[in-house]
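J.: Sequence:
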Amino acid sequence: MIRKTLISLLFGVAACAQEASLDRGGSLTVQYAGVKVLTGDSLLLMDANWKNLDGARPEPKITRREGVTEARYESALTTLTKTLTTGPAGVEVRWDIVMKPDPRGASVELCVAIPAAVLADIKPTGKTHDVQRSQEELRVSSVLGEFTFDVRGSSAPWSLDDMRSLEWSKAFRLRFAPDYDPATGLRATAVLRVKATPTVSLAFACLDVGGVGNRGLRDDVAADGQGGWTDQGDNDLRLFAPGRHAFAGVPVEVGERAVVLQGKERPAFPADSGSIAAADAKFARLYFLHTTAWSGQYREPIAEYVVTYADGQTVRVPVRYGVDISDWWGAGEALEARLAWSGNNGNGSATVGLSLMRWQNPKPDVPIRSLQMHSLNLGAVPVLLGVTGLVAGQLLPEQIELLDAAFADRGDAVVSTKDWIPAPIAWCDGIEPGSALDVSFLNDGPAGKYGFLGVRDGHFVFEKGDGKPVRFWGTNAALYGPFPTKDDAPGIARCLARQGVNMVRLHLYAVYEDTMIAKDGSLNPDSLDRFEFFIAQLRENGVYSYMDLNDGMFYDRLVGRALPVGNDKLKMVSLFSRELIEAQKRLARQLFTHLNPYTSLRLCDDPAIAVYEITNENSMTMGWGSLAERVPEPYYTELRGLWRDWLKTAGKPDRDLPETLGDRGSDEDSRRFAAELQRRYLEEMRGFLRELGVKGPLCGTNITFTLGDLWASESMDYTNDHAYWDHPNVSARPMTYTSRPSVTAPAWTCHMLPTFARAKIRGKPVSASEWNYCFPNDYRCEGLPIMAAYAAYQDWDSLLFYCATGSFDAGRWARFHDAPGILIHSQQTDPATWGLSQVSSLLFRRGDVSAGRRVVTLCHDPESIWGNRSPLSRMPFLCALARLETVLVDKPVDAWPMSVAKSADPGAKPADIYAAALRELGDTRSTETRTVSDTGELIRDAADGILTVDTPCTQMAAGALAKRDEIGLANLSIRCETRFSTIAIASLDGKPIETSQRLLLTAVANARNADSKLEGGRIESMGKGPVLAEPVTAKLALRVDRPDAVRVQALDTLTGKRVIPVTVEVRDKALCFAIGPECKAIYYEIYREGNAPERPRAAPFGRILRLFRRDTQR
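All residue numbers for the sequence shown refer to the numbering used here, where the first residue is 1 and numbers rise by one.
Don't take every hint at face value.
[Said to hold, decoys possible] Taking lysine-lysine and the BS3-like style, the derived pairs with C-alpha atoms no more than 27 Å apart in a straight line are:
1) K468 with K449
2) K363 with K282
3) K1057 with K1024
4) K486 with K519
5) K1057 with K418
6) K1035 with K418
7) K195 with K909
8) K61 with K1069
9) K418 with K1013
10) K123 with K170
11) K585 with K569
12) K123 with K36
13) K468 with K991
14) K264 with K569
15) K1013 with K1024
16) K170 with K36
17) K468 with K695
18) K891 with K652
19) K418 with K1024
20) K170 with K127
21) K991 with K1035
22) K519 with K585
23) K1057 with K991
24) K61 with K1035
25) K891 with K648
26) K1069 with K991
27) K464 with K449
28) K195 with K123
29) K195 with K170
30) K36 with K195
31) K100 with K51
32) K170 with K51
33) K1024 with K486
34) K486 with K449
35) K100 with K61
36) K464 with K695
37) K652 with K902
To be clear, the hints were calculated from the coordinates, so they are not data collected in a lab.
Build out the structure end to end from the sequences listed, making use of the hints.
T.: The following block contains the structure:
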């Protein structure tokens, strides 16, 4: 969402939802239920004729800390400190006023404006001033809510003034008027606490939905057919408090139970709600608080409301997906409905939301007797929580306008690229050798020069190296990606190396008709030739290859006969079908023993092919659909036979194969069976590959559905997992996406990281072979800093971005020649993600972020493994506080943190679990809104939405940087005006920033293709490019040795050449300079005079126009 205010501090998601802000001028705004109720404040020292004596007040200095914003003004006569504090109890504003004596001074007034429509229910009394006056409380009722203005602690009374009759005002105001002495001046304190609860106005009638609800807001056991919400366990709405709420100015009563109806994913749920009584009231409008689990087709109805009038007539009101209602996951804004509430699901793994739909009754003069919700039983599962009727004729026109304005004031806004800058990112050569964008010095090529990769003390090491752990920063080339043309392959390899890459995963190389597997089951010679040439080019540039195997293939060609079902239906089957296992071995035998003519080595003998993976995102415990859906006949019958054989061997009574072997809906026996079957497959394939001659480390699968997957991979050389932030819904038409930052999530949550932490087994390296902060999320510039910094803190071994090219361009590198745009997954040319590769690779590969000193061991005993109970499910925040590792043990372990997973109260609040963990860890630096790594280098401030990384050689700030007046790192101070961005600086010579001869500064925000069509969470068109980047505007101060000898140049985004000199000055021993749109850059080189490969040149506007030409990529 794009908020219009500088600071928006939301709290009290139940009955006291308020937002308060101070803009850059320090002016106060307070909203309640989405409606502005206080709209500015002013302080005046006036003479006897009411003339202001103090002139225009200068812009304030604004500082912020947790939950507190302070604005300080100083003028000729006045010093004012305004402090805004937000919290669960409401909003508090404090004005500390000091005024100098002035013989002309007669009176002082501090006034806070209230729009007339907010208090339109108050009848005129004939007086304008002192309608109420108190030094304790002022109370007013409004159609929006019941307001208490607590003014205790003020040095003089406050008044409520009704200025509606005055032409210059036409509003209400709160007024604080302390006595002013012209001889001595004034010292005064004004305090205003705003407390609000939903209205009890008779204009609204909240209907009893809870009384007909069929499921609670909480679900303790997934897929058991009982409990509440959508039967998905703690992926529920337990954190939403029942009671009376206010949304967009409308009160809504939410009960203990909701109406949850059937859909494709929940066919056993009822099709209709019970009848919801409306008491024959005449309603002008109905408001529906509802949501859906799983998605539907855009603009197509997924449900309907059947409204029954007192005269027996009915009206059917369609509920259209994406228009009137949205999927609760992602908290997206529907086209016409409002996002009424957003928060976290029960386990903190996702941001979720509820929509408020407004329906204009076509028959407001006819009483409504009842209404009912009916599901159309499509893909989505509709959920209704509350219904409110607006009684006809009860509100004044201006009050209706107020409600309409609140409903129209959406939280999202159209992103304009009007003032954005061209920002092409290199994909094939492009980067000038030796420029500040060339970090290929990190690679010691050719790849393989230090022998095969091995494992020692839980990390990757080279057999002929110095024994030090090696980390890999890289990307994926998927589908056609492993087969670039021979014209492009050398430039691609050089470009990736210059962007800091030392590993490329070759993924999904056998899934297309014309890629690796020929029709007769042999290897396609043309594809194989390009594949091996690409490997050789990567090798030459110090880039290692990561080799997949069973990630999709033409099994039928490999077995030499037509199979009963299509190859795309055989993923899970390939883990147990003897015929398909032999097919995988055939492919491995042909490919891995083939002599690469460009290296004169068999692939299995080439140490530049560093690691291998047996199967991709494949597991017998896979929870995506039922077994019957994932295992077609005749293989389902084969699996049933294996199940019954397992039961017999284990001495268990015979019974049917469960519907799923995954976490939800399975039992301990079925999970054991699945894990043992999977372990047998992985160990067979591992033994085969070793016999074949494969020497690099092997992993099993790369996704952990249950802890049984870890157990099954215990004998593998390294572990692996995948995770995505805000992955678009690519099945919807049009495709949809959510746009939310992860850095603003509550401190007790931690997204992405727990997935990989769960896979880290003591003594084994761990790889993140697929991860992404997905385009077109508008906040994805946070992604690479978060992953690089915390992966280094966790001391993980490999980060492979997904991806350079794959999925929506089928991995065709050649498309970049004519269509260099950003696509979902294909983000090689995305400034907001891959544009940060250089600084992120420097941070991660050099180990600039220290590994955590505090180590927490997760000891998974049999009860935890087969019950699939991990502490990370309830304590994802541990990833930010300590280095985590897992051990699999035989004996029971009940000590903390395992006790949290095993015996903690299932109703415990996540915030309480977090607070208890801080006490257990002895962590006194982290707070309820901020996590601090035990090294002190990583701080995530959830309240402000900012991550800082502060090390000697790399420093970063990512998130809502404009929320703070200044962000201070050890060497870099930032005053940023861009709403959400990342600013990062890294030493290029490995020396501390303070003494480095050469630094790279990267400043990125959002990025899109110039021709993309992205509106309201819908992807109408991703576009083809060119790529535009939102320029970052900031004032920076860099503390370095001898700053007077340091220069700054904006760099050509594509090549890294110095193109625009940036004006610098030295103040307080710091190098000060500003960046912004005029620099037309996201990269800046900071260097000492004399360390200049080329002389600065004039601003190359003609050059910028040429950046999109094809020949600049060659």
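J.: Now, for every hint given, state plainly whether the structure supports it.
T.: Tested hints:
{"no.": "1", "hint": "K468 with K449", "result": "holds (15 Å)"}
{"no.": "2", "hint": "K363 with K282", "result": "holds (9 Å)"}
{"no.": "3", "hint": "K1057 with K1024", "result": "holds (26 Å)"}
{"no.": "4", "hint": "K486 with K519", "result": "holds (24 Å)"}
{"no.": "5", "hint": "K1057 with K418", "result": "holds (26 Å)"}
{"no.": "6", "hint": "K1035 with K418", "result": "holds (22 Å)"}
{"no.": "7", "hint": "K195 with K909", "result": "holds (25 Å)"}
{"no.": "8", "hint": "K61 with K1069", "result": "holds (22 Å)"}
{"no.": "9", "hint": "K418 with K1013", "result": "holds (14 Å)"}
{"no.": "10", "hint": "K123 with K170", "result": "holds (14 Å)"}
{"no.": "11", "hint": "K585 with K569", "result": "holds (19 Å)"}
{"no.": "12", "hint": "K123 with K36", "result": "holds (21 Å)"}
{"no.": "13", "hint": "K468 with K991", "result": "holds (20 Å)"}
{"no.": "14", "hint": "K264 with K569", "result": "holds (20 Å)"}
{"no.": "15", "hint": "K1013 with K1024", "result": "holds (11 Å)"}
{"no.": "16", "hint": "K170 with K36", "result": "holds (16 Å)"}
{"no.": "17", "hint": "K468 with K695", "result": "holds (19 Å)"}
{"no.": "18", "hint": "K891 with K652", "result": "holds (23 Å)"}
{"no.": "19", "hint": "K418 with K1024", "result": "holds (17 Å)"}
{"no.": "20", "hint": "K170 with K127", "result": "holds (14 Å)"}
{"no.": "21", "hint": "K991 with K1035", "result": "holds (24 Å)"}
{"no.": "22", "hint": "K519 with K585", "result": "holds (17 Å)"}
{"no.": "23", "hint": "K1057 with K991", "result": "holds (22 Å)"}
{"no.": "24", "hint": "K61 with K1035", "result": "holds (15 Å)"}
{"no.": "25", "hint": "K891 with K648", "result": "holds (26 Å)"}
{"no.": "26", "hint": "K1069 with K991", "result": "holds (20 Å)"}
{"no.": "27", "hint": "K464 with K449", "result": "holds (8 Å)"}
{"no.": "28", "hint": "K195 with K123", "result": "holds (22 Å)"}
{"no.": "29", "hint": "K195 with K170", "result": "holds (24 Å)"}
{"no.": "30", "hint": "K36 with K195", "result": "holds (14 Å)"}
{"no.": "31", "hint": "K100 with K51", "result": "holds (17 Å)"}
{"no.": "32", "hint": "K170 with K51", "result": "holds (20 Å)"}
{"no.": "33", "hint": "K1024 with K486", "result": "holds (24 Å)"}
{"no.": "34", "hint": "K486 with K449", "result": "holds (24 Å)"}
{"no.": "35", "hint": "K100 with K61", "result": "holds (20 Å)"}
{"no.": "36", "hint": "K464 with K695", "result": "holds (14 Å)"}
{"no.": "37", "hint": "K652 with K902", "result": "holds (26 Å)"}
Consistency note: the structure conflicts with none of the earlier hints.
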